[in-house]
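Each residue of the sequence shown is one higher than the last, beginning at 5 in my numbering.
The hints are simulated quantities; they were obtained by calculation from the structure and are not laboratory data.
Virtual Cβ for every residue (Gly too), placed ideally from N, Cα, C.
Wrong hints could be hidden among the right ones.
Between beta-carbon pairs, the in silico distance windows are [as the list claims (entries may be wrong)]:
no. : residue 1 : residue 2 : range
1   : Gln193    : Gln213    : 19 to 29 Å
2   : Gln101    : Gln136    : 19 to 29 Å
3   : Ala144    : Arg33     : 26 to 36 Å
4   : Gln69     : Pro19     : 16 to 26 Å
5   : Asp148    : Pro75     : 24 to 34 Å
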Amino acid sequence: MTAAQSIWPFQQPRPEGLELYAIGLDDYRGASEPGSACEPSLEHALPARRKEFAAGRACAATALQALGHAPAWLPVARPYRYAQFPLGVVGSITHTQGLAMACAGDAQHFIGVGVDAEHIAWHPELCLMTKQVMSDSELAQLEDMSPTEALRFFYLSFSTKEAFFKAVFPICHTDMDFCEAQLLSWDEQGSFRLRLTSTRLAPWFAIGQVFDGCWGVQGETLLTLLTIGHDVACCGRG
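Work the whole structure out from these sequences, hints included.
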């Protein structure tokens, strides 16, 4: 079995108290680990899905160990179906074509952490998906971009919002739509800024609240990470 490796694919400095690990799925051989065999949602899953699940859990276990915790196999939080990190840790898991990845953050530093990975590729459904994923202002920016730039920008919009949703869902337990967040800005140094455009996360977060993250590209994979620190105003806390 290929071991999870510590990675940091972003230009921004790694925050204190955060670990990020990845496994290449092509060489991973841990799909039959006991934890995946006991997961009800995988009872009828295809082997590829079992491999993704197990690889993501292996990354999370290694990230936990790097933070000084037991390398536990994470259970699924019921009824929400996200990976339930142990007390004192926040985190998330992602997988895409050929890659599984997990981040774990010390809860003394973060109240939420979201990571996402997307394989950059054109497919016929993208034209419809742009209208579902992107805000009007984001769609307007596509008009001045080359096809290559527009493709990357679409996946950046998609992935930054996915990372945000993963960071806030364990806090709020609210399923979000893509129209409820807007990619405000991004730069080639790997930073992005996202704005919440919905009231549905009240009382935890306020409409108009802004969140910062980082992004990078490795080969044909776009990676995003969004952390929410204790310094971020959280309406329902305190």
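Hint numbers contradicted by this structure | 3 and 5
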